[in-house]
Each structure stands twice: as structure tokens, then as C-alpha cells.
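**Q** Chains V and S supply the protein sequences, listed in that same order. If you count the first sequence from 1, position 283 lands on 541 in my numbering, and the numbers rise without skipping. If you count the second sequence from 1, position 294 lands on 297 in my numbering, and the numbers rise without skipping.
Heads up, some of the hints might be wrong.
In silico DSBU-like cross-links for lysine-lysine, where the CA-CA straight-line distance does not exceed 35 Å [as the list claims (entries may be wrong)]: (1) V:K353 <-> S:K267; (2) S:K152 <-> S:K267; (3) S:K152 <-> V:K353; (4) V:K348 <-> S:K267.
A partial selection of chain S residues facing chain V, derived with a Cβ cut-off under 10 Å [unchecked claim]: (5) S218; (6) L221; (7) E340.
Covered stretches of chain S, going by a simulated chain V footprint (3 or more residues, C-beta under 8 Å) [unchecked claim]: (8) 208–217; (9) 324–337.
Calculated directly from the structure, the hints in this document are not laboratory data. C-beta: ideal position from N, C-alpha, C; glycine also.
Now for the letters of each chain:
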Amino acid sequence: MSGLGGRGLRHLISIDDLDRPGIERILDRAESFAEVSGREIKKVPALRGRTIVNLFYEASTRTSSSFELAAKRLSADVVSVRSSGSSVEKGESLKDTVQTLSAYDPAGIVIRSPHAGAAQLVAGWTDAAVVNAGDGKHEHPTQALLDVFTLRHRFGSLDGLNIWIVGDVTHSRVARSDILAFTRMGAEVTVSGPPTLLPREIETLGCNATATLDRLHEADVVYVLRMQHERMTDSFVPSLREYAAQYQINSTRLRPDQLVMHPGPVNRGVELSAATIDSPQALIGDQVKAGVAVRMAVLYELLVGSPVLAAA
Amino acid sequence: MATQRLFHAPRPAADLLIRSAHVLDPRGGLDEPRDVLIRNGRIAELGTSGGIDVPGDDRFDVIDAAGRHLFPGFVDPHVHLRTPGQEYKEDMDTGTAAAAAGGYCAIVAMPNTDPAVDSAAVLGALIDRAERDARVPVGFLASITRGLKGQELTEMAELRETGAIGFTDDGKPVVSAGMLRKALQYQRLCGGIIALHEEDPALSQDGVMHEGAVSARLGLAGIPSLSESTMIARDSALALYEDARVHFQHLSAVESVTALRAAKEADARVSGEASPHHLTLTDEAVRTLDSRFKMNPPLRSEDDRRALIDGLRSGVIDCIATDHAPHAVHEKEVPFEQAPMGTTGLETAFAALYTELVLPGEISLGTLVERMSAGAELYDLTAPRIAVGHRAALCLVDLDATWTVGEEGYASRSANNSFHGRMLHGRVLLTLAAGAVAYRRPMRVRGQERVG
Numbered sequence: 259m260s261g262l263g264g265r266g267l268r269h270l271i272s273i274d275d276l277d278r279p280g281i282e283r284i285l286d287r288a289e290s291f292a293e294v295s296g297r298e299i300k301k302v303p304a305l306r307g308r309t310i311v312n313l314f315y316e317a318s319t320r321t322s323s324s325f326e327l328a329a330k331r332l333s334a335d336v337v338s339v340r341s342s343g344s345s346v347e348k349g350e351s352l353k354d355t356v357q358t359l360s361a362y363d364p365a366g367i368v369i370r371s372p373h374a375g376a377a378q379l380v381a382g383w384t385d386a387a388v389v390n391a392g393d394g395k396h397e398h399p400t401q402a403l404l405d406v407f408t409l410r411h412r413f414g415s416l417d418g419l420n421i422w423i424v425g426d427v428t429h430s431r432v433a434r435s436d437i438l439a440f441t442r443m444g445a446e447v448t449v450s451g452p453p454t455l456l457p458r459e460i461e462t463l464g465c466n467a468t469a470t471l472d473r474l475h476e477a478d479v480v481y482v483l484r485m486q487h488e489r490m491t492d493s494f495v496p497s498l499r500e501y502a503a504q505y506q507i508n509s510t511r512l513r514p515d516q517l518v519m520h521p522g523p524v525n526r527g528v529e530l531s532a533a534t535i536d537s538p539q540a541l542i543g544d545q546v547k548a549g550v551a552v553r554m555a556v557l558y559e560l561l562v563g564s565p566v567l568a569a570a
Numbered sequence: 004m005a006t007q008r009l010f011h012a013p014r015p016a017a018d019l020l021i022r023s024a025h026v027l028d029p030r031g032g033l034d035e036p037r038d039v040l041i042r043n044g045r046i047a048e049l050g051t052s053g054g055i056d057v058p059g060d061d062r063f064d065v066i067d068a069a070g071r072h073l074f075p076g077f078v079d080p081h082v083h084l085r086t087p088g089q090e091y092k093e094d095m096d097t098g099t100a101a102a103a104a105g106g107y108c109a110i111v112a113m114p115n116t117d118p119a120v121d122s123a124a125v126l127g128a129l130i131d132r133a134e135r136d137a138r139v140p141v142g143f144l145a146s147i148t149r150g151l152k153g154q155e156l157t158e159m160a161e162l163r164e165t166g167a168i169g170f171t172d173d174g175k176p177v178v179s180a181g182m183l184r185k186a187l188q189y190q191r192l193c194g195g196i197i198a199l200h201e202e203d204p205a206l207s208q209d210g211v212m213h214e215g216a217v218s219a220r221l222g223l224a225g226i227p228s229l230s231e232s233t234m235i236a237r238d239s240a241l242a243l244y245e246d247a248r249v250h251f252q253h254l255s256a257v258e259s260v261t262a263l264r265a266a267k268e269a270d271a272r273v274s275g276e277a278s279p280h281h282l283t284l285t286d287e288a289v290r291t292l293d294s295r296f297k298m299n300p301p302l303r304s305e306d307d308r309r310a311l312i313d314g315l316r317s318g319v320i321d322c323i324a325t326d327h328a329p330h331a332v333h334e335k336e337v338p339f340e341q342a343p344m345g346t347t348g349l350e351t352a353f354a355a356l357y358t359e360l361v362l363p364g365e366i367s368l369g370t371l372v373e374r375m376s377a378g379a380e381l382y383d384l385t386a387p388r389i390a391v392g393h394r395a396a397l398c399l400v401d402l403d404a405t406w407t408v409g410e411e412g413y414a415s416r417s418a419n420n421s422f423h424g425r426m427l428h429g430r431v432l433l434t435l436a437a438g439a440v441a442y443r444r445p446m447r448v449r450g451q452e453r454v455g
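Just chain V, same shape as in the assembly (with noise of 0.2 Å):
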């Protein structure tokens, strides 16, 4: 296969299958599938005839409509397949569920799961190219593309950019496949959050950890988590109210110039006020955008980035 950066890719589980120049290569790709989306027909030929299964263990909106489009748009056949109302409910386990839709023999699965390592145990039961659409609090490496898809457009390059991630750091796998990919390509990173939400040694994967917003002010670019409601009962935070009290981020907490991610769905009033989430801070509707663009980019990657494949 074609190296990224010297690499093959065969799946994409983590963002640790890509260095740099991969990342580059497949963003620089994006930036054409861009286009293509701003065109009437919006539609390439580069996977017409093969087929797409994404199997999604978990809700999700965004991630699904956009992994579903960005196969559309590379005129894919997508099957999807969500647990509620499929044989996974009767109990079938993730391998069986796997071989059997392997059966259809797929170019590409797609997989969502609620447990760390899915991904990779799916990638040893098939044939086809696996992309982790996120698996358990692990990593979410199409988000974390998209989000330095998004912060290379808005500044050229993430070299020596100051990145704060904020939020219930312990539960996201947005956080950990973003800390990787900000790092890697060469942003300084600073994870803040409530003690109990920051995961002992998190600073061993490359950035800062720090349980307050002392410093947010150093800060180009602020990207919050989503504050899930779960986490009250289990006592990680007293309640709604003091989180956003402490680590809310609004127009008193930050500079007219600092601006603001988050991997959505948000919870208005919680992390981010609804003030900052409609202000021209807010990169929120760009993020969303470059999904598409992105998540045809990676599956082009995998499936014909190779010169040999494409010439097959």
C-alpha cells in the first residue's frame, strides 16, 4: 500500500495510526472533498460499486449522518445498522454480527461502540477497512481530524497554537483522540476540568492538566466537552448548577479573540452559554461542516488512496 507519512493504512482506530504528514495528507484531501460539497452535484465516482456498512452501537446524529453522506457522496452503497432493532438486540455478540455482515463483503465498516477496543477487534474478524466512529471513552479519530481540519482552515497551521480542552476529560474519547492529534501537530495542549473528571497521569499522553481556568486567558482556542447529565448522579460534580458556576465558558471567561469548539451536541447554559455558542467565536458550525469533507477524505484514504488499489 501507498505510505502516509511511510505508512500504510489499512483502518483507521486510532489517531496513533497517523503521523503527521498522514494527518496532512488526508486533511489536504478534505480541503478537495470541500469543494466537491460546495458544488450542485455533489457527487464523486471513487467508490461506486463497493459498499459501506455502518454499524452503530450507540445514538449518535452527526456522526452517522456524516459518515453515511460522506459515503453518498463518494457513491458508495451505505447499509447502516443500529443496535435497537437489529439482531444485536436478540443478543448476538460483535463477531457474529461482524462475519455476518461481512458476508455482504463490504469495502469499508464503520463502527460506533459504547466499549473501548471494538474497533480493533472488528478489524481482525473482516476483510474490509475499519474506521472507529468511536469506541467507549477510547478515541474518536474522524472527530479529532475534523477539529484540526477546522483549526488549520481558520489559522493555516496548529504550530504553536494554545489549545484548552475543558471539561469531563475522564469520559471522552473526543478529549484523548484530540489531545493526540492537537499534539501531533504541534500545539501546545492544556487539559482543565473538575479533579474528579481529570484522569490520574493524563498528563503522560503530552499535555497539561490543571483543575482550574486561572490561566484560560492563555488560551487561542478553548475546546469544551460536553457535560453529561449521568455524571451528577455518580457525584463526579455536586450538581449542573456549580459546574457551570466553576467551569462554564462564557463571555466573562474569555477574550473577544478566543475561540470556541465543542464536538456538539451542547448543552446550552451548562458548558457553554448560549451567548458563546452564537457568537462569531464559535467554530461549532464549521466543525460540523468539515465532518463530511473529512470523513470522505478518510474513507477515500483507505479504500483508494493506494495507487495499486486505484489502478485495480
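We have chain V; now place chain S onto it with these hints.
**A** Below, chain S alone, put in the same frame as chain V:
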């Protein structure tokens, strides 16, 4: 007459001459090549190397064991035989076959079966089973509480009279200090060791691996080391107060070794074990998200592993126990968080520890051999000896042989071994247990040396 505590199927007593093996029996101070003559299952003669004449009797097998090592058989105080109730994972026959293949001459089975070993009826049926199927002697721990629920004590005295070595709720901690205290008090009546799986569920919660850098990276819920060490400290205080005899199972963390050392220095009657996997692997292995590396307690950091090795060397950790925990392929072939905890260990314990601890010079071969059977004394069982008059309980090992774990399959019914695919040094060739050959690998038997 003392109640019998070990049970096995009747097997023909061995008649065997093992010639010129390097005999290493740390308890007897023996460390040199010898001839060992076993007659009718007992060690009849211990001669100089090549000094014992081949018996003029055809029933004697003669094994030329020059260059091989002969050790007292290993004793494992911590095995999950999965019977009754989960025979698809392991049973009396396969579990004791795995033990024999690993050089074990006795093992102790845990009571977290289905149903649990919490009544004389269940224990009695298990003993019957062992007397029919066990290839090596098996002892049993009964549960401390009914159904391992931590609510009511089992009928400990009756269980002891039926043959239980002692008691444990292994797999689960005894969460209530008050409940454990009552068990420790009751021990004065019925005797028997009380072995504890130490874990504070309020701290371990839904953790699936060691809390540290690797869990931070993988986004897996962590089990902090102090979920174990705080319970060891608590229960050591209880043991001291009640003058009870307590054994701590599968220590995994530096803080636990510290707590055990402190308890011993305070003269509490406590002991502790460590497993081959905690002594040789760390949470770095979990980066692969391979469920073979999921066990409870979890594989911890390199600092923890070093502390366990230091403890083994100094004697703070008294013995090695495998915590052999078989699971079926379909149970382990799922995402890490969903997989059951446990690794098999009987067939790989010696080779893993010899390869990872003895060859690099961490501990001596003598220390390893002694700790591999030290569980016997802790559980008031007779420690195997290579000495005249003792019933043969020994294993012959080729330390120079290398083998790839799993390439010939496993004697265990399950294959969830954390050393699977690794090349290890040291291969068990022959195991004698209770005076009978329990395991024998095909090897040279010099027929021409036989007389007659």
C-alpha cells in the same frame, strides 16, 4: 485422627529410578546431582549420581535425567476449577491435568462456583468428584459467607469436619469489617485458614484495569491500588485484634506489600501470595486491549511489579499462587470492558517465573522453587520434600528447553493464558503427585539400561 484435607483419584504407585538429575530441595538443603529411587510411590533411596544400581525388577522405569532438574512438586493455594457449574471452562479432570502439566503435586480450589461451596453437601459432592477424577491431590476452601454474598457466615465448623482446608470469598472481598470479624472469631472454634481477596468496591467501582497512565490513555475505568492496600491494612488490624490467621490473596501493588510488611512487623498472623502474572507483566500489556490481560486484581505498574519481586525475595510475600482462572473463548472474545476477569496459569507458572525472574537474576532458582510450594505450609499441608521415606511429590524440569506457550494446546479446557504465544524457558517433563505419575512428557527412556 486428623481430618483428610487433600483428595485425589486412586492411581498406581510409581516404581521409578530417576538417574543423575540435579536435585534441588531448598527445604532439605539439597542442591546436587543425585539418583532418586522411587519404590511403591515412596522415595526409597537417594544415592549419588549414577550410584544406584538399576533394580532387577522389570516394573521399574528408568529415566536418564542428567542435565535435568528435580524439584519438590509445586503447590498452588489458589486455583479456580470451575466445578460445579461451569464445566465448559474447566473441570476436575482438565484442571488437575493442567496442574500436573505445570509440575504441581497439589492444588487448592476456590469456592466461587455455581453453586458456591458454602455447604457440607456441595463440598462432599466435590470431594467425591475429586476422589474419582483428580489427577493430583486437591484441597478445597469453602466460602466464608453463604453464596459469597457477605451477609451470613457459612457453617464453618461442619465444613471443616467435611474436609475444607479453610475459607475464602475469593472473587469478592468481605466488604463488612463486622462480618469478617465474626468469621475470624469463629476460626477459634473450627480452625482453618481465612484467605482474603482484598478490594474495596467503593474504590474499585466499575474499574477494569489498573488506574494509571495506561488507563488514562485508553479511557478505561481504573482500579486504584489503594482499593487493595486499604483493605489489607484494615483486615490486618482485625487479624491482630482477634489473633486470627489470615492469608492475603494475589497481592498486586506496592502499597499492599508495604501494608503486609507492616502487619508482619506488628506480629499479626498474616501471610501473602503473588501470582506469576503480577510478577512478570504490567499494565503496559493492556495497551493492546487484549482481554487475556484482564484480571482482578489488575496488572499494575512496573513499580508495583518491582515491589512484588522485592517482597518475594525478602519473604514478605510468602508464596506464589497462580489464581488460575479459566474462561471460554467466546467469553474473552469481546471488547475488553465486557470480558470476564482472569488468566489461566497452572501450565505456565514455573516457566514464566523462571524466564522472567530467575534467568535475569532477580531471584535465585532456589527461592523460586521454595515459593512455588510454600503455599503448602501456609495452609497446614505437608510441604513436598525430596527425602527418603516421603511419598513422591516432585517434578522433573528441563531448564534448557524453550517452548512457545499454547503451540501444543493446553491441558486446561481454556486457553485464556496471558503468556500465550510467548517463548518461555523451562519445561516440565514429569510430575509425580501422591506417589503416582500424574504427568509425563514423551522423552528418552533408556530401555537398554533396564536389567532383565
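**Q** Does each hint fit the structure? Answer for all of them.
**A** Hint check:
1. V:K353 <-> S:K267: Violated: K353 (chain V) and K267 (chain S) sit about 49 Å apart, past 35 Å.
2. S:K152 <-> S:K267: It holds: about 29 Å lies between the C-alpha atoms, which stays within 35 Å.
3. S:K152 <-> V:K353: The hint holds at about 34 Å.
4. V:K348 <-> S:K267: violated (53 Å)
5. S218: Holds: closest Cβ of chain V sits about 7 Å from S218 (chain S), inside 10 Å.
6. L221: holds (6 Å)
7. E340: holds (5 Å)
8. 208–217: With 3 residues close enough to chain V, the hint holds.
9. 324–337: With 3 residues closer than 8 Å to chain V, the region 324–337 of chain S meets the three-residue bar; holds.
The structure is inconsistent with the numbered hints 1, 4, although it conforms to all the rest.
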